[in-house]
Amino acid sequence: MSMIYDNWERLVAAVLKREDIRQLCHLPSRSPSICSESLDFSASFQSSDVQLQERNSSLQKPVSRVVFLGGSSPDFLLKDIVKGFHGHLGDGIFSTSYISELLQDVEVSDQEFLVSGTKVVIKVLSEVKMPEEEFKQQMKIFGNCRHENVAAPFAYYFSNKPNGNRVIYDYHSQGSVSDMLRGKSRNVNWETRLRIAIGAARGVAHIHAQSGGKLAHGNIKASNIFLNSKQYGCVSDFSLAGIMVPPRRQGNPWYHASPYNSKSISQENDVYSFGNLLLELLTGKSSMEPHGYEGDWDLETWVFS
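Numbering (my numbering), first residue to last: 23 to 327.
Hints listed in this document are in silico derivations from the structure and should not be mistaken for laboratory results. Be aware that one or more of the hints could be misleading.
Stated by the list, open to error - Only pairs whose alpha carbons sit at most 25 angstroms apart, straight line, appear in this in silico DSS-like list of lysine-lysine:
hint : residue 1 : residue 2
1    : Lys141    : Lys101
2    : Lys141    : Lys162
3    : Lys158    : Lys105
4    : Lys183    : Lys158
5    : Lys158    : Lys101
6    : Lys162    : Lys183
7    : Lys236    : Lys162
8    : Lys151    : Lys236
9    : Lys151    : Lys141
10   : Lys252    : Lys141
Using the sequences and the hints, build the whole thing.
Structural data, given as structure tokens:
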């Protein structure tokens, strides 16, 4: 009780002192030292108010973290889980891909564990067309699609800043099927081509079986197919087409049953695109017309050219 009284007495004394100083400062002949004391006293209150406001502001703004879609790994700050960008892998319709490296051991699913130092791919997304909560729900669906023939994302980072969203995938060191067919070596034997086709077919079938049989990939092409550890085809990038704002010209017309300006993402278009992938595996040709799509040639002409 004595301590409470003493604190109250000090508070009253401080208030009275402040009032006395204020009155002295308004006298015609005030000394500089008194005014200085008054300003210092007021500044201390203002400084405390600013610090309190900053503290409250920081508490109201949650810090974005990398969210893992499976397993039991905790959520990390982006700078604490990946080392940064080691190299530029390529530019896609919806994202730019970079190679990076894990700084922590993470559990990406009940049966998968990645150790610190493992190389990963970070995709920096272009404009996302949905709000944060819907984006999180979609990423959860895509994360549940992990399969030996589907390179689904295992983590993501959401940001409201332009080009601030990140999606993290496994890294495939052999490159895409497109690189293999038309890279420097171009030595892809028929057994490997068959394994690519079988693996990609299994991956597409697995995706189509999700969400009650309603999920589609939306962007199947040779540059989105990789080899897994068993040397079978593995489908990647399926999570991006449905959550991104499509550019004016989306994808390659010969990979879709509809023209460039179509925004349709369907299992039927996936099947059509997979058939086109098979033609690329058989012929070794790229279905990307060198000078862009002019509408004056067709799929049959391309195959037999």
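* List, from low to high, the hint numbers that the structure doesn't satisfy. => Number 9 - this is the single hint that the structure violates.
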